[in-house]
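Participant: Residues per chain are reported as follows:
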Amino acid sequence: MKRRILVYLVVVPLCLVWLLPVWTSLLVAFKNLDDYASQSFWQLPSQWNFVDNVKYAWNKAKLGTYFINSLLYGVAGAAGSIILASLASFSIVRLRPKGANLLFALIFSGTVFPFQMYLVPLYKGYQELNLYDTKLGMMLFYISICTPFATLIFRAFFSTIPNELMEAARLDGCSDLRIYLQMFMPLSLPAAAVVAVFQFTWVWNDLLFGLILTCSADTRPIMVGLAQLQGARAAANMPGLMAGAVIASIPTIALFTALRRYFIQGLALQTAGE
Amino acid sequence: MRRALRKAAPYIYILPALFFVGAFLLAPMLYTFYLSFTQYDLMTPPRFIGLDNYRRLLTEPNFLTSLTNTFVWMLGTLLLPVGLGLFIAVVVDRVALAGVFKSVFYIPLTISAVATGLIWTWMYGPDLGVLNTILRAVGLSGWARSWLTEVPTNTLAMIAAWTWKMTGQNMIIFLVGLQAIPKEPVEAVKLEGATEWQTFRYVVFPLLRPMTMVVVTMSLINSLNQFDLIYVMTQGGPYRSSETLAVTMYRESFTMFHMGYGASIAIVLSIIVILLSGSYLRANLKQEGAQ
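As given, the protein sequences belong to chains P and S, one line each in that order. Here my numbering is used: the first residue of the first sequence is 1, the next is one more, and so on. Here my numbering is used: the first residue of the second sequence is 1, the next is one more, and so on.
Here chain S stands alone, though its shape is the one from the complex:
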């Protein structure tokens, strides 16, 4: 009896964590997978309809708009929060006043996506909003517009707000990476007379590559899962023009009660996320063997 207990003990330590994760995350996930093959409206039991939901995805204009927006978000994320984060990290690293600059970009890290959405809704306000006021003041009133109700301006405007929120986080990770770069090769090429740009392009950036991969992966996944900002700023509108997959899934499931169809969108989203995170996951799971 005691021996059996001793043998079981290691599993008993793991059990509580496994139970919570299994019951609240993994089981729902499997059920969503099943639901994606059904028609389900919460009231009547799910009815199996094979691949019909997936077939519908291919022809549904709302889904295709949403898919397009999702890719625009991914592209925008790579160009702006990642690119800008790298740029700021490289420029600010080991410069006078670096602490002050860094603190400025930390600020949005401490503010939730919901509050960020509120702040930027105010910035983009058509009448009193900061952006339009500035444009009118500098004589560009022709550029002033209703930023969040025009297509495709609304998606681009939200990506800009997302850039404000996420650049600091990417900057931090890049700075961690920069600090880990050995100084000798950098000093050596500088002695050889390389310019700052050449040093960055041929020495620093290649050494930073592993970190860049991580930041790119994490940023893409974050932007795919991004829901709060759109929910607060446009609710995906007007006329569902600024939805991404994460928002479309929510709307189909919880305002239109197309639970089965919504589930199939969740599956598509998952597939994109898994494809993107493959290498990152392998690295994390492999770590065990590396000890």
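Okay, chain P solo, but in the shape it has when bound:
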């Protein structure tokens, strides 16, 4: 009984508070500059200007270029970390060489420290290795930063695969590499999906490393472009900015909607330590 009252008195108003920012921001993205300046936030635009705002953001503010860049980085980060982490986890969990736990701890320590610990040496090192402001440099970094968490997930997943399967395959004369490729990888599709969803989203949403490792439009990731578009607010094109925010959110919204299950599994796995 009481719970139902709580739901209507508190949760429903909270839902409205949660929806308001999205709703009003979307409205701004549909307005032209005049409507934006003269109307109140709840009023519908007198002219639907969404397409022009998107064009402004995509072409003039170059979010189109950054969008493609970030797609590349996100796919590279997810795919690269899936390969590296699954290979390493296979060995850590199934081949169990001496010191495997220590090696895992080393890889896993990449999730422990704040990102601020990496910034200056990366910046300096990238300049010396000519990786600064290159797509290759960005991809290499994103693969690296995605690998520790991916290893955690694959390790947890591989240890649920029964040992008998592997023993049987070995008796049949399969090499370890073949067991990994033909047995563990196909079985680990759910784990790969969790890693892909999580790490693509992480790379897509990253601002900090894009800020310090790139400086030109050719390599800039989307979040840096979006933040800088806001920084150039002197132009005060709020509708264009909001259209940009919509563009920048589409891939992650689509991923989440399509693969919500894996997203929630990933969150739950983060807590699996308990």
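Please keep in mind that the hints were generated in silico from the structure rather than gathered at the bench. Some hints could be false.
[Stated by the list, open to error] Chain S side only, calculated, beta carbon under 10 Å to chain P, not exhaustive: (1) L18; (2) T44; (3) F87; (4) V100; (5) P108; (6) A115; (7) T133; (8) I134; (9) V138; (10) L140; (11) E184; (12) V232; (13) L245; (14) M256; (15) G262; (16) V273.
For clarity, every value in this text was computed on a predicted model and none was experimentally measured. Idealized CB from N, CA, C, for every residue including glycine.
Fit chain S to the given chain P structure using the hints.
Facilitator: Using the frame of chain P, we list chain S on its own:
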């Protein structure tokens, strides 16, 4: 030869991951540790100065403001996104329309911190902004203000935006925990005539404790590492009044080129994070032995 290769093979599988993590994360980390004992401006080689950077931290007003803000952020995170996430999870669990309510709180999960910052900068706008418009409309124009340029309102306003972003994530984790709670004890105390509140306080909440610990730890660490929102909404300003350690480190290193001093801030931040995550880390590393 072949035997040697067979013995080395397991390590070869681990090597690529270890190489990437080592080269791009662990080596930079060690170098930052070294830099924190030096004076370094990128142009001239680092000069060893012992503990001078750390001594400077103790007296630098900007750092102390930043440290204070960091603790305000941590406290705010515990009260708002965690508390609210727990509240919503408990209330919404197994109620009609739960799916709809949950979906609403999922929305911010799909939006980046940068976009969240843009949205809330618009919400807090001094003239056209949504919040001030509403306050004026309901006759509270005295409350309307420039939310992001007044101290300490700016930090609190950003924590509110962060609450909007993170509550849904905490709600999800709490819901996972609630679903794992055995039904029998809950049903039993209800039969005994316990109220909803008593059931929650004496049965559900204690059973949820492990999950609460995880959410608290993760939320605190997330708020410590939080950079994007502040960068977008205030850039740490005005006059560096709303910086947290993560932002101060970035500013000292990349706009003022005090790389050594910045490194010492990164170390302080790391120490706080490690202290907080100790139990969580132990659990994750121990998992191996538990199989």
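Participant: Next, verify each hint and record whether it holds.
Facilitator: Going down the list of hints, with the structure as the test:
{"no.": "1", "hint": "L18", "in the structure": "6 Å, holds"}
{"no.": "2", "hint": "T44", "in the structure": "13 Å, violated"}
{"no.": "3", "hint": "F87", "in the structure": "8 Å, holds"}
{"no.": "4", "hint": "V100", "in the structure": "8 Å, holds"}
{"no.": "5", "hint": "P108", "in the structure": "7 Å, holds"}
{"no.": "6", "hint": "A115", "in the structure": "4 Å, holds"}
{"no.": "7", "hint": "T133", "in the structure": "6 Å, holds"}
{"no.": "8", "hint": "I134", "in the structure": "9 Å, holds"}
{"no.": "9", "hint": "V138", "in the structure": "13 Å, violated"}
{"no.": "10", "hint": "L140", "in the structure": "16 Å, violated"}
{"no.": "11", "hint": "E184", "in the structure": "20 Å, violated"}
{"no.": "12", "hint": "V232", "in the structure": "5 Å, holds"}
{"no.": "13", "hint": "L245", "in the structure": "8 Å, holds"}
{"no.": "14", "hint": "M256", "in the structure": "12 Å, violated"}
{"no.": "15", "hint": "G262", "in the structure": "7 Å, holds"}
{"no.": "16", "hint": "V273", "in the structure": "5 Å, holds"}
Hints 2, 9, 10, 11, 14 from the earlier list are contradicted by this structure; the remaining hints agree with it.
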